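K.L.:
The primary structure of each chain is shown beneath.
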Amino acid sequence: MNRTDALDMVRESISRVIPDADVGALGPDDAFRDMLEMDSLDFLSFVEVLSERSGIRIEDEDTPRLTTLAGCADFLVAHTQ
Amino acid sequence: MAEFTMPSLGADMDEGTLLEWLVAPGDPVHKGDPVAVVETAKSTIEVECFETGTMANLLVEPGTTVPVGTPLALIGPMAEKAGKPGRTKKPHKPRKPAKARKPEGPTEAEKVEGRRPVRPVPTEGEPSEPPSPPHVTVPVPVPVPTAARQPGRIEAVPLVRHLAEQSGIDLETLHGTGPGGRVTRTDVEEAAAARATARPPRVRATPLARRLAAELGVDLTTVTGTGRESAVRATDVRQAAPGPSAPARPSGATPVRPSAARPSAEGPLEDRSAAMRQAIAGLMTRANRDIPHYYLSTTVDMAAAMDWLHEHNRHSPVGERLLPAALLLKAAALAARNVPELNGFWTDDHFTAGEGVHLGVAVSLRGGGLVAPALHHADALALPQLMTALKDVVTRARTGRLRGSEVSDATLTVTNLGDQGVETIFGVIHPPQVALVGFGRVVDRPCAVNGLLGVRPVVTATLSADHRATDGAVGARYLTVVARLLQNPEHL
Amino acid sequence: MGGGRTHEEKTTYREAMREALREALRSDDRVFLMGEDVGRYGGCFGVSLGLLEEFGPERVRDTPLSESAFVGAGIGAALAGMRPIVEIMTVNFSLLALDQILNNAATLLHMSGGQLPVPLVIRMTTGAGRQLAAQHSHSLEGWYAHIPGIRVLAPATLEDARHMLAPALADPDPVLIFEHGSLYNVSGELRPPSEAMDLDHAAIRRAGTDISLITYGGSLPKALAAADELAAEGIRAEVIDLRALRPLDDAAITASVARTHRAVVIDEAWRTGSLAAEVSARIAEGSFYELDAPVERVCSAEVPIPYARRLEQAALPQTADIVAAAHRAVD
Numbered sequence: 023m024n025r026t027d028a029l030d031m032v033r034e035s036i037s038r039v040i041p042d043a044d045v046g047a048l049g050p051d052d053a054f055r056d057m058l059e060m061d062s063l064d065f066l067s068f069v070e071v072l073s074e075r076s077g078i079r080i081e082d083e084d085t086p087r088l089t090t091l092a093g094c095a096d097f098l099v100a101h102t103q
Numbered sequence: 002m003a004e005f006t007m008p009s010l011g012a013d014m015d016e017g018t019l020l021e022w023l024v025a026p027g028d029p030v031h032k033g034d035p036v037a038v039v040e041t042a043k044s045t046i047e048v049e050c051f052e053t054g055t056m057a058n059l060l061v062e063p064g065t066t067v068p069v070g071t072p073l074a075l076i077g078p079m080a081e082k083a084g085k086p087g088r089t090k091k092p093h094k095p096r097k098p099a100k101a102r103k104p105e106g107p108t109e110a111e112k113v114e115g116r117r118p119v120r121p122v123p124t125e126g127e128p129s130e131p132p133s134p135p136h137v138t139v140p141v142p143v144p145v146p147t148a149a150r151q152p153g154r155i156e157a158v159p160l161v162r163h164l165a166e167q168s169g170i171d172l173e174t175l176h177g178t179g180p181g182g183r184v185t186r187t188d189v190e191e192a193a194a195a196r197a198t199a200r201p202p203r204v205r206a207t208p209l210a211r212r213l214a215a216e217l218g219v220d221l222t223t224v225t226g227t228g229r230e231s232a233v234r235a236t237d238v239r240q241a242a243p244g245p246s247a248p249a250r251p252s253g254a255t256p257v258r259p260s261a262a263r264p265s266a267e268g269p270l271e272d273r274s275a276a277m278r279q280a281i282a283g284l285m286t287r288a289n290r291d292i293p294h295y296y297l298s299t300t301v302d303m304a305a306a307m308d309w310l311h312e313h314n315r316h317s318p319v320g321e322r323l324l325p326a327a328l329l330l331k332a333a334a335l336a337a338r339n340v341p342e343l344n345g346f347w348t349d350d351h352f353t354a355g356e357g358v359h360l361g362v363a364v365s366l367r368g369g370g371l372v373a374p375a376l377h378h379a380d381a382l383a384l385p386q387l388m389t390a391l392k393d394v395v396t397r398a399r400t401g402r403l404r405g406s407e408v409s410d411a412t413l414t415v416t417n418l419g420d421q422g423v424e425t426i427f428g429v430i431h432p433p434q435v436a437l438v439g440f441g442r443v444v445d446r447p448c449a450v451n452g453l454l455g456v457r458p459v460v461t462a463t464l465s466a467d468h469r470a471t472d473g474a475v476g477a478r479y480l481t482v483v484a485r486l487l488q489n490p491e492h493l
Numbered sequence: 042m043g044g045g046r047t048h049e050e051k052t053t054y055r056e057a058m059r060e061a062l063r064e065a066l067r068s069d070d071r072v073f074l075m076g077e078d079v080g081r082y083g084g085c086f087g088v089s090l091g092l093l094e095e096f097g098p099e100r101v102r103d104t105p106l107s108e109s110a111f112v113g114a115g116i117g118a119a120l121a122g123m124r125p126i127v128e129i130m131t132v133n134f135s136l137l138a139l140d141q142i143l144n145n146a147a148t149l150l151h152m153s154g155g156q157l158p159v160p161l162v163i164r165m166t167t168g169a170g171r172q173l174a175a176q177h178s179h180s181l182e183g184w185y186a187h188i189p190g191i192r193v194l195a196p197a198t199l200e201d202a203r204h205m206l207a208p209a210l211a212d213p214d215p216v217l218i219f220e221h222g223s224l225y226n227v228s229g230e231l232r233p234p235s236e237a238m239d240l241d242h243a244a245i246r247r248a249g250t251d252i253s254l255i256t257y258g259g260s261l262p263k264a265l266a267a268a269d270e271l272a273a274e275g276i277r278a279e280v281i282d283l284r285a286l287r288p289l290d291d292a293a294i295t296a297s298v299a300r301t302h303r304a305v306v307i308d309e310a311w312r313t314g315s316l317a318a319e320v321s322a323r324i325a326e327g328s329f330y331e332l333d334a335p336v337e338r339v340c341s342a343e344v345p346i347p348y349a350r351r352l353e354q355a356a357l358p359q360t361a362d363i364v365a366a367a368h369r370a371v372d
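Protein chains in written order, with my numbering: chain B, 23 to 103; chain P, 2 to 493; chain X, 42 to 372.
Chain B extracted, bound-state conformation:
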C-alpha cells in the first residue's frame, strides 16, 4: 500500500465512524482524535474499520501511534510491506 492510498483509507475509516467529520480539513499531523472529540468507543470503531479494510490486525499497543493521519498512514504502509 502506498502512502496516498493509506491516507485515503484512514480518512474513509474516520468518515465511517463520524459521518459529519470534515476529514478534508485534517492536517497530516493533527491529533484527529481530540479534534473530532472521538471517545474511546469511536476510536475503537475506527480501529475496527481500519483493521477490517487493511487486513492488518491492530493491537491495543499499536493504538498510541494512530493518533494522527500521518501516524496511521505510516503504520499501514509499514505493516503492508
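Just so you know, not all the hints are guaranteed correct.
Residues of chain B placed beyond 12 Å of chain P at every Cβ, according to the derived structure [as the list claims (entries may be wrong)]: (1) M23; (2) M31; (3) L63.
Not everything, but these chain X residues come out facing chain P in the computed CB check (under 10 Å) [as the list claims (entries may be wrong)]: (4) Y82; (5) Q156; (6) H302; (7) L332; (8) A334; (9) A370.
Ranges between beta-carbon positions, derived for each pair [what the hints assert, rightly or not]: (10) X:A361 - P:D350: 51 to 61 Å; (11) B:E34 - P:A477: 42 to 52 Å; (12) X:A266 - P:T227: 24 to 34 Å; (13) X:A355 - P:D350: 40 to 50 Å; (14) P:T222 - B:E34: 53 to 63 Å; (15) B:R75 - P:E356: 42 to 52 Å; (16) P:R203 - X:A361: 31 to 41 Å; (17) P:D472 - B:E34: 25 to 35 Å; (18) P:D350 - X:R277: 51 to 61 Å; (19) B:T26 - P:N451: 48 to 58 Å; (20) P:N489 - B:T26: 43 to 53 Å; (21) P:N451 - B:G46: 30 to 40 Å.
To be clear, the hints were calculated from the coordinates, so they are not data collected in a lab. If you're wondering where the values come from, they're calculated on a predicted model, not measured in any experiment. Just so it is clear, CB atoms sit at the ideal spot from N, CA and C, and this is done for glycine as well.
Starting from the structure of chain B, add chains P and X where the hints point.
P.N.:
For chains P and X alone, kept in the frame of chain B given last:
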C-alpha cells in the same frame, strides 16, 4: 432537684421525640444510666442521665416532641430509704422555648452540678402549694404528668391574661418567671416575640404566581421576584420550575424523541439542541435545587483490570475487544446490586428500590447535549455482552433512535468523562435517581505498592448521592465494593 | 337593510344613531321619540335632525324642560303599549328624572307581579371633553348600572350605535342608552351587524395576550390608541368593550383575564364607587388566582369636570395614562 433535659445529640438537632421512659418515678437512678429513649431526625438513642438520685417527676409523656433543652424529668436527691419518697414538687411546666439554652447540651460540669431550676422550687409546706399526691415507690404505670396541670391553675393578672389572649398565646404553655411561678407580662411578650420571629415571612407573590407555584411544586421562598416591590410573578415561578417537559414522574433521561431518526427531518438542528439544552437546564436545576448531594471519591488501582483487559484483547478479534469502560460499568452495576440503597428512585419523599440494575450511561451527543440511556440488567450481562450493548446504545443515542424504556428506566447513572482526559467527576444526580457514579481517566500514577513506590494505572471513582435517601456510610460502602470488584476482573 | 348598503360609504356615529331611530320609527307605529329640542332643533347634538320633517310632530315630539315630566310620560306611554324613545340632553339632567327611572320604570314589573312591563328606551349623552363644564360633562352611567330592573347600554362603535336600538326597543325592560358626546363625530365605514349584536355580551375590540384593557363608551378609542402604543413596545393588549354596563358580561371579563393575567379598567367616571370599581371587584372575586399583578384603574380626577380645556383634559383619562397603567401591571 435537678432537671433532666432533652439533650442535643448532634449539631443539627433542634428537637427530639421522647419515645419511652426506661424508669418510673421513685426509681433510683445513677449517673450514666439510660433513662429514656429519644428519637431524633436521624436515629433512636438511649439517653443517659448525669445525676445520681431518685427520679422524681416525669414531665413529658412518651410520644411528645420537644425542643432541645426542655426539661424532661426532675431528679431528686437519693432517697435514704425506700418508702420515704417525700413530697414531690409541683411539676414544672415544660415547653419553655429553649432559646436561653446552649444548643450543644450541658457541659459536664453543669451536668454534675445540676441545673439550677429556673423557677424557685417551693419549699415543703408552703401554704400556697396545693398538696401533691404522695409518691409511690412501687412500679407504677407510666404517669401522665401533664394531667397534673389543671387548666385555670395558671396564675396571671388580668392584664397578662388579656395580653396573652390578644397575642394568641396559651398561658398554659408558658413558664412563669414571676413570684410563685406567676406568668408575667414579660413572659407573654417574649413568647409572642419568639413566635413572631419563628414564623417565616410571607412571600410577596401574585395570586397567579402562588397558584402556579402550588401546581408546579415550586417553593416560593426560593424564587426571586421581579415584580413590583420584588413580588414573585408567574414568569418567575415558571423559570424556577423544572423544564416544561418534565413529567410528574420524571423520566430517567433527558428527552430524546425516539422517532427522530434524522435531525434534518425534524427541523433545524439548532432548535433541537436548544430544546435539549432547555430540558437539561430544567432537570439539572431541579436536581441541584432539590437534591442535597454528598460527594465521595476514591482512587482505584486498575493494574489487575488493565492487565486482564490487555490480555483479553490480545486474544480477541478487533470487533470483540473490550474497553476499560466496560469493566468500570460492570463493576458499577454489580456494586449497585450489592448496595441496593443507591439503586432506585426518590419520589414523594421516600425511596423506592429499582427492580433490577438498569445502568444509565451518560452519552454526550455530537451536536451538544447529553442523554443517559439505560443498559437493562447491566449487572447480569457478561462483559462481551455488556460491551456490545454499550456500543449499540451509544450508537443509537447518537442517531436518535433510543427506545422509550432506555430513556426512562435507568436506576443509577454512570458518567465516564475519562475520554476527555478528566480525572475526577462530581456529577449532578439525574432525578429521581439517588446517585451518580463518575469514572475519570485511567492514568498511570506513582503508588505505594508493597511498601515500594511503583507506577500503577489508577482511576478515580466518585459518587454523588442524594443525602435524603442515603448517608455517607452507604456511599462509602458502594465505592469500596466497586474498588474490590475491579481487583478481580476475571469475575466481572 | 344592511345588506344593501355599499361598504365604502362613510358614516358618523351621529348618523348611525339617526339611522337607527329612523328604522325604529319606520318599522313600528308604536315607536315615537320625545325630548327637549328633538324636533324642530333636531336634537341638542343633532341626532334627530330631519326626523320631525320625515315622521311629523306626533312621532317626534318636543317637550318642556322637565325631565321628570317627560320621562314619566314615557313610562306611562310604555305601560299603555307604546314603544317610546325618550331623549335626555345629558346625564347630569337625568338626575331630575332619577325618581321616575328608579322608582317607577325599574320597579313596576316587579311590584306588579310581572303584569306591567315598561318597554321604554331612554337615550342620553354622557361624558366630558367638549368644554361643557361641570354641569354637562359627567359620567354617571355607573349610577344607573347600580339599579336592578333596567338595562344599561354604552354603544362605543358605529355598529353598536346603529344596531343596539332595535333590540333595546324589543326588550320588555326599560333600557338606558348612554351616548358619549365625543363619539358623535367619529366617522368610519359602517360594517354590517355581526351575530354578536346582542345586548348581553362584551366585545373583544382587539385581541391580545399580555394585558386586558377593559373599558366602554367614550374611553374605547383611547384604550385602542393605548393598545397601539403598547403593541409598538411589544406588549399585546386585549381591549374589551363592555357594551352593556348592566348586566355585566362577567364571562368575557373572566376569560380575558385568564388569557392575560393583568387588567386595567378604564372608566371616565370618578374612581370612587365607579363601574371601574365594580369591574375590579369582580376580577378580584372571579379571577383572583389568575392575577399576576394588581388590577389597575384609570378614571377621572375626583373633581367637578373643569371648563378650561387644559384642565379638562388633565382631569380625564388619557391614552398616556392607560399606557402608564399597563406598564405598571406588566413591567
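K.L.:
Compare the structure with each hint and give your call.
P.N.:
Status of each hint after checking the structure:
1. M23: The claim stands: M23 of chain B keeps its Cβ more than 12 Å from every Cβ of chain P (closest is about 18 Å).
2. M31: 15 Å, holds
3. L63: L63 of chain B is in fact no farther than 12 Å from some Cβ atom of chain P, at 5 Å.
4. Y82: This hint is violated: Y82 of chain X lies away from chain P, its Cβ roughly 52 Å from the closest one there, beyond 10 Å.
5. Q156: 47 Å, violated
6. H302: 5 Å, holds
7. L332: 5 Å, holds
8. A334: 6 Å, holds
9. A370: Nearest chain P Cβ about 9 Å off; hint holds.
10. X:A361 - P:D350: 51 to 61 Å: With Cβ atoms ~53 Å apart, the hint holds.
11. B:E34 - P:A477: 42 to 52 Å: Given about 49 Å between the Cβ atoms, the range holds.
12. X:A266 - P:T227: 24 to 34 Å: With a Cβ separation near 28 Å, A266 of chain X and T227 of chain P satisfy 24 to 34 Å, so the hint holds.
13. X:A355 - P:D350: 40 to 50 Å: 60 Å, violated
14. P:T222 - B:E34: 53 to 63 Å: 59 Å Cβ-Cβ, so the 53 to 63 Å window holds.
15. B:R75 - P:E356: 42 to 52 Å: About 44 Å separates the Cβ atoms of R75 of chain B and E356 of chain P, which means 42 to 52 Å holds.
16. P:R203 - X:A361: 31 to 41 Å: At roughly 35 Å between Cβ atoms, A361 of chain X and R203 of chain P fall inside 31 to 41 Å, so the hint holds.
17. P:D472 - B:E34: 25 to 35 Å: Cβ of D472 of chain P to Cβ of E34 of chain B: about 54 Å, so the range 25 to 35 Å is violated.
18. P:D350 - X:R277: 51 to 61 Å: 41 Å, violated
19. B:T26 - P:N451: 48 to 58 Å: 52 Å, holds
20. P:N489 - B:T26: 43 to 53 Å: 48 Å, holds
21. P:N451 - B:G46: 30 to 40 Å: 53 Å, violated
Hints 3, 4, 5, 13, 17, 18, 21 from the list above are not met by this structure, while the remaining hints are.
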